[in-house]
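J.: My request is simple: use the sequences and hints to build the entire structure.
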Amino acid sequence: MIQVRPIYVICMREFIKFFREKSRLLGTLARPVLWLFVVGNGMSGLIKPQAGFSYLQFIFPGMIGMTILFSSIFSSISIVWDREFGFMKEMLVAPISRLSIIIGKAISGTLISVAQAIIILVLIPFLGIHITFMQFIEVVAVSLLVSFSITSLGILIAARLASFDGFNIIMNFLVMPMLFLSGAMYPVTSMPPALRQLTRINPLTYGVDAFKHVLLRNATPPLGAEFPLSLDLFLVTAVSLVMLTLAALSFRRKE
Amino acid sequence: MPIITVNNLTKKFKSLTAVDDISFSVDEGEVFGFLGPNGAGKTTTINILCTLLSPSSGSAGIAGFDCAKNPDDVRSAIGIIFQDTTLDTGLTAYENLKFHAYLYNLDRKLTERRIDEMLGVVELRNRKNDLIKNFSGGMKRRLEIARGLLHYPRVLFLDEPTLGLDPQTRNTIWDFIDSLRKKEKITVFMTTHYMEEAENCDRIAIIDAGKIIAIDTPARLKELVHGDIVHLVTADNKQAIEQIRQLFNIAAREENGGLVLETEKGDEFIPTLIHSLSMRTLSVSLKKPTLNDVFLKLTGRLIRDEGLTDTREVTREFVRSHRRAQR
Numbered sequence: 001m002i003q004v005r006p007i008y009v010i011c012m013r014e015f016i017k018f019f020r021e022k023s024r025l026l027g028t029l030a031r032p033v034l035w036l037f038v039v040g041n042g043m044s045g046l047i048k049p050q051a052g053f054s055y056l057q058f059i060f061p062g063m064i065g066m067t068i069l070f071s072s073i074f075s076s077i078s079i080v081w082d083r084e085f086g087f088m089k090e091m092l093v094a095p096i097s098r099l100s101i102i103i104g105k106a107i108s109g110t111l112i113s114v115a116q117a118i119i120i121l122v123l124i125p126f127l128g129i130h131i132t133f134m135q136f137i138e139v140v141a142v143s144l145l146v147s148f149s150i151t152s153l154g155i156l157i158a159a160r161l162a163s164f165d166g167f168n169i170i171m172n173f174l175v176m177p178m179l180f181l182s183g184a185m186y187p188v189t190s191m192p193p194a195l196r197q198l199t200r201i202n203p204l205t206y207g208v209d210a211f212k213h214v215l216l217r218n219a220t221p222p223l224g225a226e227f228p229l230s231l232d233l234f235l236v237t238a239v240s241l242v243m244l245t246l247a248a249l250s251f252r253r254k255e
Numbered sequence: 001m002p003i004i005t006v007n008n009l010t011k012k013f014k015s016l017t018a019v020d021d022i023s024f025s026v027d028e029g030e031v032f033g034f035l036g037p038n039g040a041g042k043t044t045t046i047n048i049l050c051t052l053l054s055p056s057s058g059s060a061g062i063a064g065f066d067c068a069k070n071p072d073d074v075r076s077a078i079g080i081i082f083q084d085t086t087l088d089t090g091l092t093a094y095e096n097l098k099f100h101a102y103l104y105n106l107d108r109k110l111t112e113r114r115i116d117e118m119l120g121v122v123e124l125r126n127r128k129n130d131l132i133k134n135f136s137g138g139m140k141r142r143l144e145i146a147r148g149l150l151h152y153p154r155v156l157f158l159d160e161p162t163l164g165l166d167p168q169t170r171n172t173i174w175d176f177i178d179s180l181r182k183k184e185k186i187t188v189f190m191t192t193h194y195m196e197e198a199e200n201c202d203r204i205a206i207i208d209a210g211k212i213i214a215i216d217t218p219a220r221l222k223e224l225v226h227g228d229i230v231h232l233v234t235a236d237n238k239q240a241i242e243q244i245r246q247l248f249n250i251a252a253r254e255e256n257g258g259l260v261l262e263t264e265k266g267d268e269f270i271p272t273l274i275h276s277l278s279m280r281t282l283s284v285s286l287k288k289p290t291l292n293d294v295f296l297k298l299t300g301r302l303i304r305d306e307g308l309t310d311t312r313e314v315t316r317e318f319v320r321s322h323r324r325a326q327r
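Chains as they are written, first to last, in this note's numbering: chain A, 1 to 255; chain B, 1 to 327.
In case anyone wonders, no lab produced these hints; they're calculated from the structure.
Note that beta-carbon positions come from the ideal geometry of N, C-alpha and C, so glycine has one too.
Just so you know, not all the hints are guaranteed correct.
[Unchecked claim] Footprint (simulated), chain A over chain B, 3 or more residues, beta carbon under 8 Å:
(1) 34–45
(2) 48–56
(3) 89–98
(4) 102–108
[Unchecked claim] Calculated cross-link-like contacts (lysine-lysine; reagent style DSSO-like; alpha-carbon spacing at most 27 Å):
(5) A:LYS89 to B:LYS185
(6) A:LYS17 to B:LYS128
(7) B:LYS238 to A:LYS89
(8) B:LYS140 to A:LYS89
(9) B:LYS69 to A:LYS17
(10) B:LYS98 to A:LYS89
(11) A:LYS89 to B:LYS133
(12) A:LYS17 to B:LYS98
(13) A:LYS17 to B:LYS140
(14) B:LYS238 to B:LYS211
(15) A:LYS22 to B:LYS140
(16) B:LYS109 to A:LYS17
(17) A:LYS89 to B:LYS69
(18) B:LYS128 to A:LYS89
T.: Below is the structure:
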């Protein structure tokens, strides 16, 4: 039961609000800039360039991953906002399926994340990386997949989150560990075995790995990609579908 | 022909029975009120009718569709204004209405015209492109009414439509509802715990602790309270009480420097009473029973006796009804 017009208007609402809130747009750029140029430059003194790639270049794929992570989680948490402020009821009493609401939220969250990832690409000239038009297309394609998987995960969480109080717990115990255990900021190969196991069950690891494939073509581990690109894409897609199915089921039961 | 039918409806939340085996029906074009204290089961009933909750047992149907089995058909046929605002405050009035039109798959050509029409009805045309966050409580409520009616529903649900609004805005909202009723030919189902509001309904169901304890027109419900309330001040109240007991076999009681008695046909009783008393009568007044008296009679409590959350509100209501009794 998928209805096109409701899905379209649910997406439009999110886009209108995203572009209306200038602070959110600004925040999108501020976080990666801070990481890249402040933390990145600070760490560059410790981590020597390897095989022609600097630390700054190494963390750039990770920063795209980070931007998508925060943006997607933030977008899907809007479900909790909608519930808290009553707007969810407007959708729930309308003659539309729960699945349409979920899909609308998933599509809008995904596209907003991709838009933010593309905005981050304007930093490329400052990093000494050159990308071809083909690479640009590949980054957008990988962004779509990764955004979709994280948004689906966020919707699954939001569907089960009773109130906004749980948001901090999710940030501290899920989102931040996902970021730190994804290989976005330091190579996972140098981690203790127990933590390495955790990186392997983190979907963001494979997303960041895919970005490394696309952006750092000739780099090798530890700074370059670790897994085959096909494995990355397969796992990210599989995770998306599982999460979205679980979210749809859990949303239907709860509301 | 009834447009809403509810049969033996029960809703249990674990050990709590919020709605306890209620049955009623509402005819097309009626303004039907659900009157009862907080926690009586009003909102639970509305949520079942609006397909947000499924009943534990029994059934509810709107416009021939079962609320549990054909939720989408029911949803298309109803408009709802919830207790708390469900507008998106980050969008404009127009955007909120447009969102609604798309959700209800309103005909594309019709949408703009209908939005404009409804904004006109609730007198918000000049605020069309303003963000909701800049709207007052009354404006929000009016916009919600416009939105609730946008898709030509056959039944409009209003859950405490004037809660938290000042008396003037409350009156404005009621004027809107009255005029809409004439223009839109719609059935209105509302809940309230304001007595004054319930008086505006064609029929009222009084609900307490999940059960309907009375259902009728406001006038006939008031007949449940036998007689009128007469308030009397005489030159010698003590003796007057004694005389009233002897002459009419009515127990009057002293209250705030006067005396109060209950009798049927108070308007006809007053002249006889004044004539019969040996002392001078200083003042006399007659009070017709209100719905509050009906609720008091049926449950032994005032409608907002238990007001769990806001004690000030209870106090205010108590003072208000006390004053009313004194008048």
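J.: Work down the list of hints and note, for each, if the structure agrees.
T.: Hint check results:
1. Requiring three or more residues with a Cβ within less than 8 Å of a Cβ of chain A, the coverage given for the segment 34–45 of chain B is violated, as only 0 such residues are present.
2. Counting residues of the segment 48–56 of chain B whose CB falls under 8 Å from any CB of chain A gives 3; the rule of at least 3 is met.
3. Counting residues of the segment 89–98 of chain B whose C-beta sits closer than 8 Å to any C-beta of chain A gives 5, which meets the bar of three, so the coverage hint holds.
4. Check on the segment 102–108 of chain B: 4 of its residues sit with their Cβ under 8 Å from a Cβ of chain A, so the three-residue criterion for coverage holds.
5. Note on A:LYS89 and B:LYS185: the hinted pairing holds, with a Cα-Cα distance of about 25 Å set against a maximum of 27 Å.
6. Simply put, A:LYS17 and B:LYS128 have alpha-carbon atoms about 17 Å apart, close enough for the 27 Å limit, and the pair holds.
7. For the proposed pair B:LYS238 and A:LYS89, the alpha carbon gap of about 60 Å is over 27 Å, so the pair is violated.
8. Of the pairs offered as hints, the one joining B:LYS140 and A:LYS89 holds, with about 16 Å between alpha carbons and a cut-off of 27 Å not exceeded.
9. Simply put, B:LYS69 and A:LYS17 have alpha-carbon atoms about 35 Å apart, too far for the 27 Å limit, and the pair is violated.
10. A threshold of 27 Å between alpha carbons decides the hint, and for B:LYS98 with A:LYS89 the separation of about 16 Å falls inside it, so the pair holds.
11. For the hint pairing A:LYS89 with B:LYS133, the CA-to-CA distance comes to about 18 Å; that is within 27 Å, so the pair holds.
12. Of the pairs offered as hints, the one joining A:LYS17 and B:LYS98 holds, with about 15 Å between alpha carbons and a cut-off of 27 Å not exceeded.
13. Of the supplied pair hints, the one linking A:LYS17 and B:LYS140 holds, its CA atoms being roughly 19 Å apart against a limit of 27 Å.
14. Between the alpha carbons of B:LYS238 and B:LYS211 the distance comes to roughly 43 Å, so the proposed pair goes past 27 Å and is violated.
15. Restraint check for A:LYS22 and B:LYS140: the C-alpha separation of about 25 Å stays at or below 27 Å, so the hint holds.
16. The suggested pairing of B:LYS109 with A:LYS17 holds, with an alpha-carbon distance near 26 Å, which does not exceed 27 Å.
17. Restraint check for A:LYS89 and B:LYS69: satisfied, since their Cα atoms lie roughly 19 Å apart, inside the 27 Å limit.
18. Distance restraint check for B:LYS128 and A:LYS89: the Cα-Cα separation of roughly 23 Å lies within the 27 Å cut-off, and the hinted pair is therefore satisfied.
Comparing the model with each numbered hint stated earlier shows that hints 1, 7, 9, 14 do not hold.
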